[in-house]
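Given the coordinates of chain A, work out where chain B should sit on it, guided by the hints.
This is what each chain is made of:
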Amino acid sequence: MVVVAELMTAQSGPKPSLLGSARVATTAGALGATQPLRSPAARAAVRVVPRRPLRVWERWYLAAIWGGLKVTLRHFFRKKVTLQYPEERWTVPEGYRGAPYLVRDQEGHTKCVSCQLCEFVCPPKAIRIVPPGPDGPPADRPNAEKMPLEFEINMLRCIFCGLCQEVCPEEAIFLMKDYSLTGTSREEMIYNKEKLLALGGVHAGIQKWKHKLEEARAQEEFPVRT
Amino acid sequence: MSTAAPASQLMGDGVRPATETIRIRVNGREVEVPKTMPDWQGKPVPTTMLQACEWAGVTVPHYCYHPKLPVAGNCRMCLVEYGTPALGPDRQPILNPDGTPRIVKSPRPAIACATPVTPGMEIYTDTPGVKAMRAGVLEFLLINHPLDCPICDQAGECKLQEYALDYGEAFSRFGEAKVHKPKAVDLGPRIVFDAERCILCTRCIRFTRDIVGDDALGIVHRGSYSTIATAPGRAFDNNYTLNTVDLCPVGALTSRDFRFRMRVWFLKETPSICPSCGTGCNIRIGSRQGRIYRYTPRPNDAVNSHWMCDYGRLNYKWIHRPDRLQKVEIRGRVSSWELASDQILQQLRVASPGSVGLVASARLSNEELWLLSRLKARLHALSDAVPREGEGDALLLHADRNPNTQGARLTGVCYTEMGSQLPLIWERIRTGQIRILLVFGEDVIRQGCDPASLDQLEMLVVCDVLPNATTAKAHFLLPGCAPAEKSGTFTNVHGRVQRFHAAIPPPGEARPEWQFLAEWVTRLTGESLPGHLPGLFNRMASEVRAFQGLTWSELGDLGRLVPV
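So the protein sequences, as listed, match chains A and B. The letter at position 12 of the first sequence is residue 12 when you use the numbering used here, and the numbering goes up by one with no holes. The letter at position 120 of the second sequence is residue 120 when you use the numbering used here, and the numbering goes up by one with no holes.
Looking at chain A on its own, in the form it has when it is part of the complex:
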């Protein structure tokens, strides 16, 4: 156990002989913060760190004030870095992890296939997906059999960790550069599919399902047509 002893009389100079009346603070709190040391075993466990008394130069506060003013003066003549937010906005760097939005492919189709991996991986459980079910609407692009009936991200819960983007097998969800999400109610902060798709915009990536469909069409017709 690490025991840190602090002499209450440090301000008036080191007095190692005062160990008997020293009050100790223990990191584990086993001895209690204000318990005087009594037992020899407890005393042996304590390493007393003497505190050096301040020199005259250090006790003369004008020296410290001058030291601080030097820093102020140095910044006074430098280029200003303060940003007049919200009128002025900063340039968000590449790779910034802002709000997660859904994206469409270059043909305007929903990329998400409702595999629910993001819902599974999301640490604060901010994502909720309603799968289409057997009778739900088919996907809005050919060959992908599935798209979410509803997709909600609770932006109040989201911690912008980016695991949803990392886990997505369809490249359908991305952490964009939006950092200032506001709303006047909790409900407003739950973004639904429509809103997420509108905010996400188009992400031109590989079109896996279109590619599969083209590959299938290029083959001579499969013998079984059922």
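Honestly, the hints are just simulated from the structure, not real lab data. A few of these clues could be false.
[What the hints assert, rightly or not] The calculated SDA-like cross-link candidates involving lysine to any residue, where the alpha carbons are at most 25 angstroms apart (straight line), are:
{"id": "1", "chain 1": "B", "residue 1": "Lys376", "chain 2": "B", "residue 2": "Thr416"}
{"id": "2", "chain 1": "B", "residue 1": "Lys183", "chain 2": "A", "residue 2": "Arg217"}
{"id": "3", "chain 1": "B", "residue 1": "Lys376", "chain 2": "B", "residue 2": "Gln433"}
{"id": "4", "chain 1": "A", "residue 1": "Lys210", "chain 2": "B", "residue 2": "Asn144"}
{"id": "5", "chain 1": "A", "residue 1": "Lys193", "chain 2": "B", "residue 2": "Tyr293"}
{"id": "6", "chain 1": "A", "residue 1": "Lys208", "chain 2": "B", "residue 2": "Gln433"}
{"id": "7", "chain 1": "A", "residue 1": "Lys193", "chain 2": "A", "residue 2": "Arg157"}
[To be verified] Just so you have them, the derived chain B footprint on chain A, three or more residues with Cβ under 8 angstroms:
{"id": "8", "region": "138-152"}
{"id": "9", "region": "209-216"}
[Claimed, not checked] According to the in silico footprint, chain A covers these stretches of chain B (three or more CB under 8 angstroms from chain A):
{"id": "10", "region": "175-185"}
{"id": "11", "region": "269-280"}
Since the structure is predicted, the reported quantities are computational estimates derived from the model, not experimental observations. Note that CB positions come from ideal geometry on N, CA and C, so glycine has one too.
Structure of chain B alone, referenced to chain A:
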């Protein structure tokens, strides 16, 4: 895995359980395995290498092999290397200098699922050769597999995913275009087939041919174009089709009911009993956030092997019907359990013997029926349960559609011939002899009780799950629970007492029947009953002769047989 216990159960009276054993080595470790083990029909056959490896606790990956299906040996995933003791010209084992028998390694691998073990055999499942073979088989299987895991319902319980991760290579060397086959084919009313995903293990074909006896499926076409199909003009529509969805190691056969509804990794699986007929198939209830998504069979060789019927499997949707009874009502006005219980018990306390009728349901658990029989004894009531008959079949579906007919008989709620007292109850209600009627989970009007006669009653207490003609007339309406919402035991038609557990919370104010019945019995008789189900079961077992000696914990997951 203990394959020996089911073996002795499944074998007929004439066959004695195998006691003879063979000593073999699996990965260098010596194990003693039975000389014979049950095949898919339970007949003792020479132990295969795969069974021996499982016996030794060594996993051998496989696709086409299933313990309850005939061995096909077509997937080649279970290939292992092995060696046998070398024999000299005198047919005696040749010994090494250190006295151990010399093992000659087979030049070729063998499929573990179809090769019997011989004395002294050595099986190797972790050699570089076996690993290369597994990776090779997976590479072949994945050549034409579409890898549409994000939209595939099997993802999460897919053997191809699991084995590819455990034994496969990270990259495919196949550069050509994949063969594309039809997707989302209707194989039958409840089955959707994706030809691309199929790995042609033929489990579904063997199941429907050899277990169900409906030779509906087969493989058509050749080579890469092979696919599963029904005979022209025939649908795959027997009552056991959904078992092929469980059997399918990949996502080729999917359930139309469960399709795209929920990813399997979210489902909480609760061991339970199918309440749709007297067979009492062991099931798992897959639920998430208080909603049931599917039933899947749970293996129990004594009851349902690995299967269940489509009827029972899909009979869960009523649990989430929006018109479920959710509120306690006293004469049509919303009330509370406390108030309703107080008023009901007040009337029951002063009821004269013979003036109380009790109609129970054989869909209630043993504990609830026992509590009702206690109530019956205290009130000297006339009681019966309602029989429910349907058409049975030779495999699992029983003609008795009540899950707990035997429980109702054994606890004394009804006589051996269930329903024989019902006309008498209706008659006594009509003549005014019965002034108080307690109905649990049945629609008495549908069972032949005159609706007008119910109006003469002093008190009509109805506890049910869904609204019906009787609940509309109830003076006291108590919302009950579906079996999936409470724990308890059922006794199946053969007398097997089996436990089921609550998978989801009941809706609204609904309470498990045993909870308030135990409270009623305590308040009416003054006897203290345990407030938890295991205790209640143990108390019942100590009082009901048929359940003598049983305890809740002893029932385990597979249940216990009682004489009926």
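Hints the structure fails to honour
6 and 11
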